[in-house]
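Asks: Line by line, the protein sequences give chains A and B. Counted the way our numbering counts, the first sequence spans residues 204 to 310. Counted the way our numbering counts, the second sequence spans residues -17 to 61.
The set of hints was computed from the structure by calculation and includes no laboratory data. The model shown is predicted, which means the values in this text are computed figures rather than measured ones. Each statement offered as a hint is correct.
Estimated spans, in silico, between C-beta atoms of each pair:
(1) B:S1 <-> A:A238: 24 to 34 Å
(2) A:C233 <-> B:T10: 14 to 24 Å
(3) A:K251 <-> B:A11: 35 to 45 Å
(4) B:M5 <-> A:H291: 17 to 27 Å
(5) A:K294 <-> B:G9: 24 to 34 Å
(6) B:V61 <-> A:S213: 44 to 54 Å
(7) B:S19 <-> A:N270: 17 to 27 Å
(8) A:D206 <-> B:V61: 49 to 59 Å
(9) A:Y268 <-> B:K(-4): 23 to 33 Å
Don't be surprised by glycine CBs; every beta carbon is placed ideally from N, CA and C.
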Amino acid sequence: MSDVLEKIKSEIGSNKVVLFMKGTPQAPQCGFSAATVQILNAFNRPFKGIDILANPDIRATLPQYSNWPTFPQLFINGKLIGGCDIVHELKDSGELKQLLDEAFGAA
Amino acid sequence: MMTTEAIEAILVQKFPDASIGVMDMTGTADHFEVRISWNGFRGKSLIEQHQMIQDTLKPQLEDGAIHALKIKTIVPAAV
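Turn these sequences into a full structure, and let the hints guide you.
Replies: What follows is the structure in structure tokens.
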């Protein structure tokens, strides 16, 4: 297995919530990444942002691993949840809160 | 570039009993929105539903005929 795949698996295995994004949560470099960070911030749950612009190897490898072509990509409990559109839909339906509550225990 | 009809034809082949709408978002024949309502989505997560659409249009997404694709999947209300 390649090092970069090892790195991806280790990140999503050791962090309950990981957002692979363009830029950082403090300084997103893309509107879709920024919108997704904003949604996550509203839940007050910790998440790890990984900047794919600073990690071109992850940017090249993750879409094959996750079978998802674009960024951002949100993982909760090691599972791909979606990009900006899906995260938005899951927030509106209440499922995102449910997924986060399951990951961290109810607030 | 593609026509909305061509995209719809590909989707109909894969999801013959679905209700499908394809819109050209920008008038440039490369940014599309697909809305698809299909019973087969029942019980699947949104990511799985979207992946089914993306997989179906993978050649067109990869060769750049489709530059951007917004997907809205709907599980029809149970009758």
